[in-house]
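J.: From first to last, the protein sequence lines are chains X and Z. According to full-length UniProt numbering, the first sequence is numbered sequentially starting from 1. According to full-length UniProt numbering, the second sequence is numbered sequentially starting from 1.
Hints may be right or wrong, so weigh each one.
[Unchecked claim] Below, a list of computed lysine to aspartate or glutamate pairs in the EDC-like style, where the Cα atoms sit at most 16 Å apart: (1) LYS55/Z - ASP141/Z; (2) LYS144/Z - GLU67/Z; (3) LYS9/Z - GLU102/X; (4) LYS144/Z - ASP60/Z; (5) LYS144/Z - GLU56/Z; (6) LYS408/Z - ASP55/X; (7) LYS127/X - GLU167/X; (8) LYS126/Z - GLU214/Z; (9) LYS408/Z - GLU167/X.
[As the list claims (entries may be wrong)] Just a sample of chain X residues kept apart from chain Z, beta carbon distances all over 12 Å, derived: (10) ARG5; (11) ASP6; (12) VAL18; (13) GLN30; (14) GLY41; (15) THR46; (16) ARG97; (17) GLU124; (18) THR186; (19) PRO202; (20) GLN207.
Because the hints were derived from the structure by calculation, they are not lab data. Yeah, the Cβ is synthetic: ideal placement off N, Cα and C, and Gly gets one too.
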Amino acid sequence: MLTLRDIRKSYRIGPTEVDVLKGVSLEIQQGELVSIMGQSGCGKSTLMNIIGLLDRPTSGSFMLDGAEVSYSDDDALSEIRNQRIGFVFQQYFLLSRLTALENVALPLVYRGDTGTNSHDRCMELLKRVGMDDRANHRPNELSGGQQQRVAIARALVGNPSLILADEPTGALDTNVGGEIMELFKTLNAEEGITVVIITHDPGIARQCKRVAVMKDGVIVP
Amino acid sequence: MMIHPSHLKEAARSLLASKQRTILALIGIVIGIGSVIAMVSVGRIVQEESLRQFKEMGTDILTIEKEFGGGGPPGMQGAPGAAGGAAAKAALRLDTILAIPSRCPGIAAVAPSVRGSGDISFAGKKLERCSPMGVTASFLDINKLTMREGRFLSDLDEQSRYCVIGSQVAAELQKQGASKLAGSKIRIGNNLFTVIGVTNEVPQGGMRRFEPNEMIYLHITTGLRVFANAEIQSITARVSPGTTNNAARDQVMAYVASLGKGQAVRITSPEEIIAQMEKQMQMFTLLLGAIGSISLIVGGVGVMNVMLVSVTERRREIGIRRALGAKRGDIKGQFLIESIILSLIGGLLGIIFGIGASWLIAHFAKWQFALSFSAILLGVGVSNAVGIFFGYYPARQASLLDPIVALKSD
Ligand SMILES: Nc1ncnc2c1ncn2[C@@H]1O[C@H](COP(=O)(O)OP(=O)(O)OP(=O)(O)O)[C@@H](O)[C@H]1O
Ligand SMILES: [Mg+2]
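Start from the sequences and build out the full structure, keeping to the hints where you can.
T.: In structure tokens:
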């Protein structure tokens, strides 16, 4: 479903050019559950942001569902993020002024979909992650694990084919992290959603069908 | 960009989240919109008020005044004739004035008047705020005055020592202890006058060039004799039905010219007075408009500042929304809606403030208050425009943020 060829990313800091990704090539099939591991600072998040179309590579080719996307315009990328990708972040990134339900509904709002259908769909997903009884709570009234569940509901609400999770359990204890991981596994197994998880936890990585290891800006074979 | 109720709700919420800043930004808008609204609405009130007064007096009334020669200033009453240096034109004689209706078919009636001065007292006590004037019997009707008690001066009162007083003078007399108004004696200079009637109170302001409530009316022939340097300077004339004001004016002009010997008058019609008042209103409007625009700009800059700070503080939120699929236009729209709501709140407060101010002005000027819907529409429109104009730049800044940069910022 996605193919990266020789993806490079460099940042210019003052006079020096810092190469973060030094030619990443990676292929992920539809329905895979992949984890990406590697030392801190090796470029995992940078790669993930490029896959998630939040950032653009300096060079290289990125095919998503058979179409080259690295050079698409901003609106087209927004639409792909909205329709096909679900994000789960280490810091949850819920909007603090909105309730759990309203947070989950955000991707639908940007599709122009705010009716009762959308409300029902959001409740269904909150139920799915076990948070339907907290639908009207604000993020600051929820524990970290609960917030991450709401964030997962938000990632799923738009029926994406790809879920990108950057250290989704990084801020949670082992038990809660395990529960979150179970959720990802179920989604992958039951709905065939492609899931890519960045993690530092070998326990988590072990549960994935495939582990890609990064070192110094490249994927080690 | 789409506008959903949820967007409005969120905008309201985020504005509430930074109350202090929001309120500070609002002050400028409130003052700006407030003065614009006050301006428009006072303008409306004055316009309606003057129209109302014209209707009360009638639009068929011409004012004929003696033209002063050589462009010199009008001689002060009681001042020696041509003290200004330039020779004043010859005075209009009473009999030539009274002949106007018979010589000019366009004029139905004339009411010449002569103003006097001098100490006025009652029972040995000085009367303040009153002024004597010599008039004819026609004066009452042409000036739309009515009697409260007694009778007005008649043509048979020539050279008499009778007087008719305005309601304010009557009140003054009663305060000084007059038990009965009719028959009371008022001293003007060295002459004593007997009150024979009192006119009804007339609302303040208006088109009349005198204050009817403060007048002591004598017969014009008496006035011409007892007032120092008395000279007829103003004549009110009613135009005959079916004659236009202009036609009547031309007839009077021709008649006065036919008198020869440098006789000249200036004739003012109500239309001219209205036009002049409108010109004055325009100046007033321009002034308030300038104040309003300046405070609107200040207010708009305040809105822009609030929005710029808001964009900086909410970079993370912008990043999250972008990650979830918000397009640049969505972000731009979100911030624009916020600045429009902010300005509209200011606008609404300003409308209330402005209408309140115009109510107070009308109250103290004793004008009839009128609510101007065009002013309200203007207020809403202008505040909306301020919101869009000054919110556009911050909204655009927000929309141009790179998603990943926004998401990584704190
Ligand atoms: N905007 C940027 N400007 C300059 N350098 C950057 C920028 N973003 C990331 N980097 C650098 O790129 C490198 C990779 O960062 P990245 O966040 O991808 O690491 P990571 O593998 O996700 O680390 P961690 O496991 O700690 O999250 C780091 O050395 C970082 O300093
Ligand atoms: Mg990282």
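J.: When the hints from earlier in the document are held up against this structure, which numbers fail?
T.: 2, 7, 15 and 16
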